[in-house]
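As a plain string of letters, each chain reads:
There are 2 protein chains.
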Amino acid sequence: MAKKFIIGIDLGGTNLKIALLDLKYKIRDKEVLSTRRLGNKKGLTTAIVSAINSIIENNKLSKSNILGVGMGLPGPIDAERGIVHFFPNIPGFREVNLKNILEKKLRMRVFLDNDAKLMALAEHRLGSARSFKNVLCLTLGTGVGGGLIIGGRLYRGFNNASAEVGHIPLNEKGPACNCGGSACLEAYIGNNRITKYARRLFKRGISLEELSAKAKNNDTLALRIWHRIGEQLGIALAGVVNLLNLDAIVIGGGVANAGPVLFDKVSQALKERAMSVQSKHVKVLQAALGSNAGLIGAAIAVRERMRP
Amino acid sequence: MAKKFIIGIDLGGTNLKIALLDLKYKIRDKEVLSTRRLGNKKGLTTAIVSAINSIIENNKLSKSNILGVGMGLPGPIDAERGIVHFFPNIPGFREVNLKNILEKKLRMRVFLDNDAKLMALAEHRLGSARSFKNVLCLTLGTGVGGGLIIGGRLYRGFNNASAEVGHIPLNEKGPACNCGGSACLEAYIGNNRITKYARRLFKRGISLEELSAKAKNNDTLALRIWHRIGEQLGIALAGVVNLLNLDAIVIGGGVANAGPVLFDKVSQALKERAMSVQSKHVKVLQAALGSNAGLIGAAIAVRERMRP
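Chains as they are written, first to last, in my numbering: chain U, 1 to 308; chain B, 309 to 616.
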């Protein structure tokens, strides 16, 4: 029998990543394209198909070596039927059966899911969440997304729209959010808010990387910003912990690179605001798989969903 | 074979209810005692044992007719081992293995659980939550408790302390809560807060029953109070709905008797604050089993846990 591989795809607002993974979820080859340059639905699907074909060819494989294609996508997805409801940051996809489109063009099995859910799946099967049964995996970036593992399985909810942690209200009243609500956690701790907050304090534009570096050097203003972000995140998570009595919370995404300055404050706020019977058991951990979590999760999804 | 029955017990801060139920969970006999008059651990366990014995005798049954005893208790419980961690409102129970104590005295099987979890179980098996897979059942009273059904099963979390909906922070800062945290939902919509709020507006003491009656007669002040409570509950539930993408929310307990004036506002706040993909699917329903939900849930727990 031919040796089997999986194609993993991670579509983000900035990058489209396409990788070849082996059955141990090791990345054997990877291509990164600019999402914005590919533009609309046609441009993106064409690029995906040709990148898959070339990655197979470059590795001297044929389609019979590919178990299937897994895709992590930045928006609400009907994972069962393979429908993209829409992407908040990529135009042209409204109620699109991307699974059907790609399966026809590729003549391979294709599986779609929300990117944060696949990240959670990857962290649970291979990363920081591995030994836990009930876990929230968070990604902190422009958006604040998440995936919930309940009883060791990905929890989807009614229509696969669970774990929208970024849209938990942090206050009764507060800033308007892109989702249509207001005072959502994301409006307080999303990348845009952090850089705006930093610009106000530093009186100049400053990147998250610089802000993290400054905090590591004990810069007072940078520490103040990360402490505030950590506290706000911790308060929202106190509600999640009191509701779900979780074993662990795994935090990833660019903002998580701030490290202990952020994590310590999250743990402190959890301790102060969650009930002791819940807060004393919950572990707060940094994600282990970094920016490859989405690709790995996409490959895991293919493997797990193709099992009889 | 002798006809089988179940003993259901519901211990609250005010009343201790003991009932005989048949295998269809119909209440055949019921006794209600005052919790406060029984006082401490010894008084309570003695009263429970003698009430059980007399209910069996009065119904011309013997212990061989009793499948088991189920108990709903007002605090955190280790349901597997039968340990009461403590009761916030009843003194004398700290890390007490009440299951062992009662099984020795009764020579019957005894099962313990948290009262709100048993209410959720009852509403899911026989009440308003019956046809739903992922449901939050809420009890609104002095405390704001809850039980979560996930995938059709009671979700317990790490140490059976899930669904503490009353302790979701509603704001970053706010009034101190009994749990040690602050700005918890319970501090805004618990009975005590509602009556305090009503006293301020009406400039006299006023019961929840009167407040509900006044609202039904379109009293402006009463409407203002219920709308505010409904809005605050709805904002907290928006976070729960965005996190869990629930099928339904079932609301019971004394405060829920306010009816549409409360429920409509909860639904409105959910619509305004939760994301549309989640909020358009979630049903908000009044609990169906009333004040017997705890007894019925206790009986269901006995039956389901004695199945092989």
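Be aware that a few hints might be false.
Calculated pairs, SDA-like style, for lysine to any residue (alpha carbon to alpha carbon, straight line, at most 25 Å) [claimed, not checked]:
hint: 1; chain 1: B; residue 1: Lys-579; chain 2: U; residue 2: Lys-280
hint: 2; chain 1: U; residue 1: Lys-280; chain 2: B; residue 2: Ser-370
hint: 3; chain 1: U; residue 1: Lys-41; chain 2: B; residue 2: Val-585
hint: 4; chain 1: U; residue 1: Lys-280; chain 2: B; residue 2: Glu-403
hint: 5; chain 1: B; residue 1: Lys-504; chain 2: B; residue 2: Gly-321
Here chain U is said to cover these stretches of chain B; the calculated rule only asks that three of the stretch's residues, wherever they fall, bring their Cβ under 8 Å from a Cβ of chain U [to be verified]:
hint: 6; stretch: 429 to 435
hint: 7; stretch: 568 to 577
Among the chain B residues that face chain U by a calculated CB cut under 10 Å, a handful are [claimed, not checked]:
hint: 8; residue: Ala-310
hint: 9; residue: Thr-353
hint: 10; residue: Ala-355
hint: 11; residue: Ser-358
hint: 12; residue: Ala-359
hint: 13; residue: Asn-361
hint: 14; residue: Ser-362
hint: 15; residue: Leu-456
hint: 16; residue: Arg-461
hint: 17; residue: Arg-464
hint: 18; residue: Asn-467
hint: 19; residue: Glu-472
hint: 20; residue: Val-473
hint: 21; residue: His-589
hint: 22; residue: Leu-593
No lab work stands behind these hints, which were simulated from the structure alone. Being a predicted model, the structure only gives us computed values, none of them experimental. Cβ atoms here follow ideal geometry from the backbone N, Cα and C, with glycine treated the same way.
Which of the listed hints are broken here?
1, 2, 6, 7, 8, 9, 10, 11, 12, 13, 14, 22
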